[in-house]
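Just so you know, the protein sequences line up as chains A and B, in that order. Numbering that gives the first Met the number 0 puts the first residue of the first sequence at 0, with every later residue one more than the last. Numbering that gives the first Met the number 0 puts the first residue of the second sequence at 0, with every later residue one more than the last.
Derived by calculation from the structure, the hints in this document are not laboratory data. Remember, predicted model here, so these are calculated numbers, not experimental data. C-beta: ideal position from N, C-alpha, C; glycine also. Check each hint, because a few of them may be wrong.
Far from chain B, by Cβ distances over 12 Å, these chain A residues were calculated [stated by the list, open to error]: (1) Glu46; (2) Glu71; (3) Glu96; (4) Ala104; (5) Gly152; (6) Arg302; (7) Asp329; (8) Ala330; (9) Arg331; (10) Ser341; (11) Val355; (12) Ala380; (13) Ser381; (14) Gly437; (15) Leu570.
Incomplete in silico selection of chain A near chain B, CB under 7 Å [claimed, not checked]: (16) Gln94; (17) Ala98; (18) Ala102; (19) His130; (20) Gly133; (21) Ser270; (22) Gln271; (23) Ala275; (24) Val326; (25) Pro358.
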Amino acid sequence: MMARGGHGMRRLAALGFGLVAAGACSDGSTGPDAPEGEANVAFGAAEVTLGAARTGQIELRNSGTAAAGPIELRAGQVRDAAGQPTLAARIDLSQEEVATLNAGASRTIGLTVSETGAPPPGAYGADVTAHLAGEQVALARVSFSVPVPPAEGGTVSLEGAAASMRQGDVVAFAAAAVDSAGAAISDPLLAWRVEPAGAGFAAADGRIVAYAPGQIRVVVSYGSAADTAVVQVAARGLSGAFTQLGAGAVPERFTSDLWAHGSHAYTGTWSQRIVAGDTAVGNTLVAWNIASPTAPQRTDSVRLDARVVNDVKVSSDGALAVATHEVSSDARNGVTVLDLSSPAHPAVVGRFTDAVLSPGVHNVWIDGRTLYVVVDGASPASGLYIVDISDPANPEVLSHFYAGSSFLHDVLVRDGLAFLSHWNAGLVILDVGNGIAGGSAAAPVEVSRILLGGQTHNAWYWPARGYVFVGEEDFVAPGIMHVVDVNDLLAPVEVATFRVPGDTPHNFWLDESAAVLYLAWYANGLRALDVSGALLGELEKQGREIASLRYGTADACPGSTSGTCTWAPQLHAGNVWVSDMNRGLIALRPDF
Amino acid sequence: MRRLASPGAGLRKRPAAACAVLALAWPGGGCSEPAGTLYLTSGASDAIVVLDARDGAHRGNIPLDRRPGELDEPHGIEVSPDGRHLYATLAHGEPSLWKFELPSNRLVGRLSLGMAGAARVGVSPDGSTGYVPDFERGSGGLPGEVVAVDLVDLRITARARPCAGPHDARPDPTGATLAVACSLSDEVVFLDPLTLAELGRAAVGAAPGAPGSPRYRPLNLAWVGPDLLAVTLAGSSEVLVLDRDGAERARVAVGDHPAEIAEDARSGRLIVANRGDGTASILRSDTFAEEARVDLAVEHPHGVAVDPETGTAYVSYEGRVEGAGGVVALDIRTGRVAWRSPAGYYTLGVAFAAH
């Protein structure tokens, strides 16, 4: 049904995209096989060169005979002339989706280079692509350049350059420049790179990270002058594995989030699952005894009026649990507070369904006796609600925050700071009692925010190191993990990324003492990533992944009873407990 | 009023004899076998379920799944007047309006609406404009939005905040007036369909609740000709009939918690899905008397669509939390259930297409 056109475009026959036929149509009139024409979507130019202002535009056309849409637009990573990615600049598009493009119609898409750092002089480019039903249908190359600043002669010299380094370690290089008269130049604009191309990453300030063992050259240039250091790179030398110790099956429902406390754990359930003709919905909170990781025991189930119990959290003292509900039968969504006096048998204290929560609650966080509630929706009345649960039977809404432009997906609170994963509004940091911006739980104040390419799904704040690990849940691209440096909370900056091909990340858990980040990655299972030291560049190229395990098959996620579909990890009592949508609760021992 | 018990579930085919009887006795009713296609929004599985309107047989699913790990609740669904396009709303996540070509079911567009809870979609008589209210349940008494959408190019042409909790926005058959049911403020607001400027408003009862605490809860609308507007009042279990000036012309008790309402102009009947008690009310559209209340024997009836050719009403039902939703085919003339078909989960809207 598809044929390639020129310049990266594809002709798309208009033949029923999206219809998943359950059987042959009885009369052929409603099936996917009634041709209605072809869409032919392409950019007006295969290449666009941006001028000194680094802005421009490109036209997206449909020269076919059928409408097409929605057309998703993406700007790829900005890369230098050697093909190496840089985090110092990105291409912003005036719109990320064209709702529909009728036959013969066109749209003009604005292009702007945003500098998130200081890209060194040189030529840069990024692919801009258009996608229809997940398929790339058009491609254009956008290029721009950062000019070499005028340098009237002179030389540049590396100072105290390291002769060796370890793969993945960040080493700061320094250099000095002098003019043709031999006088030192104050604050020279230096350009750094690693050779051969792809062997490492160079930040604008001379911090270098090597990607592979062997020999690299670190090159610094000033105008036409340059100096080079040859550096031996040793392998990071990490290895490890996960061993599955035991599992508690939830075969009848899809499992959602997890929280373990003491010798018990609690898992939610999600949407509806059909097994052998029987349907079960996500209306259940499951309680487990996990004293024995080889044989976790299901001790109880609590039914809630919901079709999705997406999240569950336990207070730090283990006294209370809170479960979320969405798609309730009475449209009164909210949270259920549970008493854990008998941890094997949670007892419902109350169902809190204040009207402000009624669109549905997706995630929560408990900080003492303050509850941070994520309410569905993308309007000023949705977003974060902060609720006092000092009297668990009578919660009281304290305050509300909405960052605008997109819905809130998740929240984490630590040290008086709330980290809001606010989807296309990015990562938003609130002062809810930290003091940096004078905020409190009753009156939160925004500290800062950073856009990370959209679909900002979850975050883990590591105050000791000043990093936030942010998950981007993009099922198409697919998504990645972003590392944001928040040592200056007022000016967060992205410094590194981590990718695993084929699926998108979900929830994370950080072992802070060991500097190991555990990442649930849906069908790609559980990953363990060494996050010790400074973090810079593409972490997956640095030998930092210690272990990974796809403990089941690669079947449907969610869907297959045998397939891997990792939702959330939690390091607890030395083992990593994992909730898996397909399987339930799994105990893994990290052997490293 | 007749109160009809439901026949046994599982009856899937309308007997041929009934068709012959219908031809003789039913005003405007032809004797064609029920045909066409039903589209149902499955709120808890992010899909449109496609059924054969003759017998409820499952033809397929159309995914409305922007975020496979999340549940975004497809809600409103409507076929364009010319039958060439299908429109559906996704309520949560990134609330959006989806456009499909018919009969191929091919997705040709999706517009992000920038609202909290996209509810139903009303389409202008010429098919050029759609209207989507933001049913923001958590808004309290604050006014919520209604947007007007150019359905050709899928772009928003106007926005307004007429009242609290708008759930249904429906243009009259001439396209001159847009009526909005304000579920959280006990009002119906009349708007200019082009600019969404307010033309007037009417309280739906003598003792309306304060915004955010409605007493009558007007949920859905059906125009009865160009001059009368039927409004379901979920809070008081009534159908209210207003004229174009907002004056009350009739008020009739129906089943518990009425949800959607649709007119079958040929037969001169209105069909109401009563969410609270599992029934459907059949009203005469001249006197607005309740002619029958049919026990559908399903949980939470929600949507109504009509096949005017055959005089069949299709009533979607949400189902219980633990089970499937679906649709019931109801012979409007006899009030008999022709068949029931489980389809989807938390099944909300239903639309009928003749193809």
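Results of checking the hints against the structure:
no.: 1; hint: Glu46; in the structure: holds, 28 Å
no.: 2; hint: Glu71; in the structure: violated, 10 Å
no.: 3; hint: Glu96; in the structure: violated, 7 Å
no.: 4; hint: Ala104; in the structure: violated, 7 Å
no.: 5; hint: Gly152; in the structure: holds, 55 Å
no.: 6; hint: Arg302; in the structure: violated, 9 Å
no.: 7; hint: Asp329; in the structure: violated, 10 Å
no.: 8; hint: Ala330; in the structure: violated, 7 Å
no.: 9; hint: Arg331; in the structure: violated, 9 Å
no.: 10; hint: Ser341; in the structure: holds, 26 Å
no.: 11; hint: Val355; in the structure: violated, 4 Å
no.: 12; hint: Ala380; in the structure: violated, 5 Å
no.: 13; hint: Ser381; in the structure: violated, 5 Å
no.: 14; hint: Gly437; in the structure: holds, 27 Å
no.: 15; hint: Leu570; in the structure: holds, 22 Å
no.: 16; hint: Gln94; in the structure: violated, 10 Å
no.: 17; hint: Ala98; in the structure: holds, 4 Å
no.: 18; hint: Ala102; in the structure: violated, 10 Å
no.: 19; hint: His130; in the structure: violated, 13 Å
no.: 20; hint: Gly133; in the structure: violated, 11 Å
no.: 21; hint: Ser270; in the structure: holds, 6 Å
no.: 22; hint: Gln271; in the structure: holds, 5 Å
no.: 23; hint: Ala275; in the structure: violated, 15 Å
no.: 24; hint: Val326; in the structure: holds, 5 Å
no.: 25; hint: Pro358; in the structure: holds, 5 Å
Of the hints listed earlier, those the structure fails to meet are numbers 2, 3, 4, 6, 7, 8, 9, 11, 12, 13, 16, 18, 19, 20, 23, in rising order.
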